[in-house]
Amino acid sequence: MSPAPGHPSRTRLRTFVATVEDVPGVLNRVASLFRRRGYNIASLTVGQSERPGLSRLTIVVGCDDATAARVEANLWKLVDLVEVHELDAGQVVERDLALIKVRADLTSRAQVVQAAELFGARVVDVAPTELVVEITATRERVDDLRRVLEPFGVIALVRTGAVAMPRAGVAEPSPLPLTAAAKAASGT
Amino acid sequence: MSSTAAASPDVPAPAAEPQRRTGAEMIWEVLEQEGVEVVFGYPGGAIMPAYDALPRYRVRHVLVRHEQGAAHMADGYARASGRVGVAVATSGPGATNLVTGIATAMLDSVPCVFITGQVSSHLIGSDAFQETDVTGVTLPITKHNWLVTRPEDVGPVLREAFHVARTGRPGPVLVDVTKDAQQGSCDFDPADRRLARVPHRRPERGGTADALDRAAALIDHAERPLILAGHGIVQAGAAAELLAFVERTGAPVASTLLGLGGFPATHPRALGMMGMHGEAWVNRAVQEADLLIALGMRFDDRVTGNLKTYAPRARKIHVDLDSSEIGKNVAVDLAIIGDVKQVLAELTPRCKPSTRATWIARIEAEKGDAAVRDIQRLPDTGKLFAAHVIHDLWRLTEGKAVVVTDVGQHQMWEAQYYKHDHARGLVTSGGLGTMGFALPAAIGARFARPDDEVWVIAGDGGFQMTAAELSTCAQEGLKVNVAIINNGYLGMVRQWQEMFYGGRYVATPMRSPDFVKLAEAHGLTGLRVTRRAEVADAVAAARRAPGTVVIDFRVEQEDSVYPMVPTGADLGEMIRRPAPSPIVETARDSDEDEVPR
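So the protein sequences, as listed, match chains S and L. Read in the numbering used here, the first sequence has 29 at position 29, and its numbers run on one by one without any break. Read in the numbering used here, the second sequence has 1255 at position 255, and its numbers run on one by one without any break.
Treat the hints with care, as some may be off.
Below, computed lysine-lysine pairings styled on DSS-like, alpha-carbon distance capped at 30 Å [what the hints assert, rightly or not]:
1) L:Lys-1400 / L:Lys-1383
2) S:Lys-77 / L:Lys-1328
3) S:Lys-77 / L:Lys-1308
4) L:Lys-1419 / L:Lys-1400
No lab work stands behind these hints: they were computed from the structure.
With the rest of the complex left out, here is chain S (with noise of 0.2 Å):
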């Protein structure tokens, strides 16, 4: 429930996923949030989700297990929320997309080209002396192709940030119920 006093836990990424009502405005109330309480993101996407009118966020956060559990509990407290929960590490399915345009020349496009391969990564765009792989893979492991492809020449990079959910099989925090089911007489 709550930390045990002085022993502060190690700072790490941490993923929430937030559903949040898709309502103008609603972005920028979770970004202030963060903004104002000193949280440092990592990476923040927004989404359709599967049910109409709410939108899913995916939020990785560098912090402590004291920091996670206010980070979810402010996050709780906005009236655009429906739900948030912090992934288990070990149970969840993350992936990040990137688009890397990479020098590529006649001497080099071969072997950029199998780098990507090696990473599952696909070339969508070739040019005479450059091209666009894309990679949709975890965090780490578009660092890594990230570093593969730098000595070619990364000339430009574009990353959506993590989105995630909780491995198939295992059971979504408990749904909330849907918000048109909550629009309901306040009652006399």
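Given chain S's structure and the hints, the job is docking chain L onto it.
What follows is chain L alone, placed relative to chain S:
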């Protein structure tokens, strides 16, 4: 805490004949439905449709002199009553003038609804005249805010706003309504009380039987337990439950500034305020306790001093409604998330009856030394000290007034010398420390507590920040008594300059207007007091007068608030009132149970 039943999906909206209403009309109609009797505000272009509709409704409007005043009035109303306060302003500067008041309410978790006009929806984003992104500006200082651009949304969103403001940990919310949403109309069913939506809440985790049993075991085994009572006690209406808990466990009670009144100050187990200006025996009790029972408080830095040396011998139980407060400043051994009223009701019977006689005797012994230094016991030199004024005011009002303080030295003296026996008897800006709060907040309290005496205690500096609201008192025919503790300085800053900045009084000497004439210029009564012998007569005259009275108490100019724990210092290290020369003491006895740092 909420008086509105939480919405149930099973209850269908009653079918009734819909009627047409403009957005402007629906604002007031929903306020009436929410039980709002008074709003504080200031008109302007983007809110004019709402003002135009106002006379058709039973809501009283108080015209302020500055929107900051409106915000503090709504806040003071809410703090003194426990109900939701409401303030109204126009777009742009009207809305931004509310900001200090909104932040004040946010830091102290006060339920308020702020309604602002906004430029018409087709102008939003065009930098139109008096356009400000006020939902953006107030995002970090509200519990939530809404931009309403359609008349259909006015009712449901306003109802949701009241719901959010008063449920869970209370707080301010803001509803920004575009001019076209006020002017447009739609069907309105007065019997339809649906919210735009019912916000999700974190599933309850604390207050389980197991947690309560563990708490009771910690309490039963403690030899030196100490209760830290915060604003949560007042807000949850848990004063009776706290009293029962104290009488069963025998544990003494230290209060935060905002917790004062949550436990009767004249009760033998009441120690008074803790922290930076807490009395020596209170802070020593914190440092010596073997168990802290924190109830509805958040371990603010003004309460703890240096966190590394805070309450080093104590295990800690933290009861709070807001799980994000757990472990924020102080790591605790046991957290119970829940309404403190309910938690105490369930915890008390689980604890063994005890008197804690040894522990109490030890604290009482500490009081002896402090009493010698107490300014109330110093011989009367004929000089006027703020502490004397406040002590006399407490005596003359029999401790029953609603006292609204500003921020600074007088605020701390009030906390030390006005003994509050009842919750909501003290209204003060704790978290944000907003100078200029007192007079407008007292006007709000005046409406919240029509049968109670309301006193402002303010410094000469803070009073001048919002003194224009004297005009509001005059126009509305309000009776508020104002005690200006006038020392000719920004006293708390001067005190810090004296103690920590080599006595260089930079920008703290302050020349003020003649406050007696200022009151008279408003058609009010002004009195001046320069000697202690005159205090009683002036207070009596103020209480007799039918209208607002301003008393200019010319107190000692360079008096300081004692004891004082310097910022970031150990709670046990206090600067004490000179007796006769300044000395710094430490709470740690030189005996065997020295605690390693």
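Verification of the hints:
1. L:Lys-1400 / L:Lys-1383: 27 Å, holds
2. S:Lys-77 / L:Lys-1328: 15 Å, holds
3. S:Lys-77 / L:Lys-1308: 29 Å, holds
4. L:Lys-1419 / L:Lys-1400: With Cα atoms ~9 Å apart, Lys-1419 of chain L and Lys-1400 of chain L stay inside 30 Å; holds.
The structure shown violates none of the earlier numbered hints.
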